[in-house]
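Once you have looked at the hints, place chain B on chain A.
Chain by chain, the residues run as shown.
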Amino acid sequence: MSDDLKKGCEGYSEDLAELALGVLTGRDRALTLSHVESCPRCAEELEQLARVADTVVQVAPESEPPVGFEVRLFERMGVADVRRHRFRRSHWIPVSVAAAAAALALGLGLGLSSSPSPTATAQAHHSGAVSGDLVENGRPVGRVAAFGGSKPWMSMTLADSSARGTVNCVVVTDDGVTHHVGTFVARQGYGAWIAPLHVNPEDVRTAEVVSPSGTVIATATLG
Amino acid sequence: MRQSRVAEGELSDEGLLAGMAVGEQAAVVTFTRRYQRRVFGLAYSMTGDAGVAEDVAQEAMIRVWRHAPVFDPRRGSVASWVLTITRNLAIDALRLRRAVPTDPDDFAASVMRSNEHNPEDSVHRGDVRHTVRTALEVLPDEQRRAVVLAAIYGRTALEISESEGIPLGTAKTRIRTALIRLRAAVEPIEGVSDER
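Heads up: the protein sequence lines correspond to chains A and B, in order.
If you read the first sequence in the working numbering, its first letter stands for residue 1, the second for the next number, and so on.
If you read the second sequence in the working numbering, its first letter stands for residue 1, the second for the next number, and so on.
The following block holds chain A by itself, in its conformation from the complex:
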């Protein structure tokens, strides 16, 4: 008897959430997918959870791509005369695009907005988070983002840093006061954490990764 038959729907309920988030791996992933294929109820549950998972990524902090990102991308796409697009100050596009959009709108029942789309409008404004690169000896080794609201929180990622084992995360506010955020574990220089933030994110000047002995390993200036 396979594991699939042994578990039943209840046995897969929690794996469905991980599958929807794209983080279920290996044998569990294969078994869960196999079950979903033969279970309409779990397939429906997976679909709904996946829709929610797709929305959560939208709160990820924005970040300016490296210099040249756009040029390299357009070269791959074969977009000609990048410079013209790049330096053209006019915010206009050919009518053929509008026509194509109008055709899409007519065919699919969607309106061509007369103002920037909600998505575009949101992008034009600050995402609501402050963020910054974690820098160690002049080298970027991660990212920090702080989110406001009724229950502020912050996230931190470390990659290829010298941090090992237990480290502390602190933030320094504009008044110079240092606030301890949490204690985390870095594995061979890598790690990702989320923690409640007990100060206003807008007041945070820097975030630091600090060793247990008090040595500052990496610092991020938030803005």
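Just so you know, these hints were derived from the structure itself, not from any lab.
Heads up, some of the hints might be wrong.
Stated by the list, open to error - Using 20 Å as the maximum straight-line C-alpha spacing, the simulated SDA-like pairs for lysine to any residue come out as follows:
1) Lys151/A <-> Ala185/B
2) Lys151/A <-> Thr177/B
3) Lys151/A <-> Val138/B
4) Lys151/A <-> Glu137/B
5) Lys151/A <-> Thr134/B
6) Lys151/A <-> Arg181/B
7) Lys151/A <-> Thr131/B
8) Lys151/A <-> Pro140/B
9) Lys151/A <-> His130/B
10) Lys151/A <-> Glu142/B
11) Lys151/A <-> Glu202/A
12) Lys151/A <-> Arg133/B
Here is chain B on its own, set in the frame of chain A:
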């Protein structure tokens, strides 16, 4: 020719995708500039490595460009589609870098899932970011950590259990509970319901 152009700000994301689909380069440029900070930001958040994040972001934008002709706006928002593509690519990059052993069957399973859950099946239009952020705020801290670590940082339940110092089952439960609570919050605007 008079009125041969329309202001780019007047075009929705769907309109720009339509322009990309017919090979309009100006649409490609405008769309890229509208989304590159979000795409790179997500990739950078997940990988923590600017080089890897650029590779992920570039590949994501290339895929969006190539698949623009088949995007179906009735099934979800452009933003969700683009960011889901980015997230999936970043998760793949994380797995490669961590050298996590995978079952050979998983390759087939990945294909199956791609067919089952099209990333286009996501959300309707609207600034869902505010709604999601608000919904995250009201979650208990431990649930918010779990779901954000999994959704945005690509952490598995096992990794979360280790970093949080909790049993694996507890990590799984937190992820699932958080996702279900978020579903209740975003359902009214996202159409996440049994009626779909």
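Agreement of Lys151/A and Val138/B with the hint, judged by alpha carbon distance not exceeding 20 Å:
Satisfied, since the Cα-Cα distance of roughly 7 Å is no more than 20 Å.
Please verify whether Lys151/A and His130/B have alpha carbons no more than 20 Å apart.
The hint holds at about 14 Å.
Straight-line alpha-carbon gap Lys151/A to Ala185/B, limit 20 Å:
holds, 17 Å
Is the straight-line distance between the alpha-carbon of Lys151/A and that of Glu142/B 20 Å or less?
holds, 13 Å
Against the 20 Å threshold, does the CA-CA distance of Lys151/A and Pro140/B hold or violate the hint?
Cα-Cα ~10 Å, so holds.
Please verify whether Lys151/A and Thr134/B have alpha carbons no more than 20 Å apart.
holds, 9 Å
Is Lys151/A within 20 Å of Thr131/B, Cα to Cα?
holds, 14 Å
Are the Cα atoms of Lys151/A and Glu137/B separated by 20 Å or less?
holds, 6 Å
Assess, step by step, whether the Cα of Lys151/A is no farther than 20 Å from the Cα of Glu202/A, and give holds or violated.
Distance of about 13 Å is within 20 Å: holds.
Can the restraint linking Lys151/A and Arg181/B be considered satisfied, given a maximum Cα separation of 20 Å?
holds, 17 Å
For the pair we were handed, Lys151/A and Thr177/B, check the Cα-Cα distance against 20 Å.
holds, 19 Å
Check the hint pairing Lys151/A with Arg133/B against an upper bound of 20 Å on the C-alpha distance.
Satisfied, since the Cα-Cα distance of roughly 10 Å is no more than 20 Å.
When the structure is compared with the earlier hints, no violation turns up for any of them.
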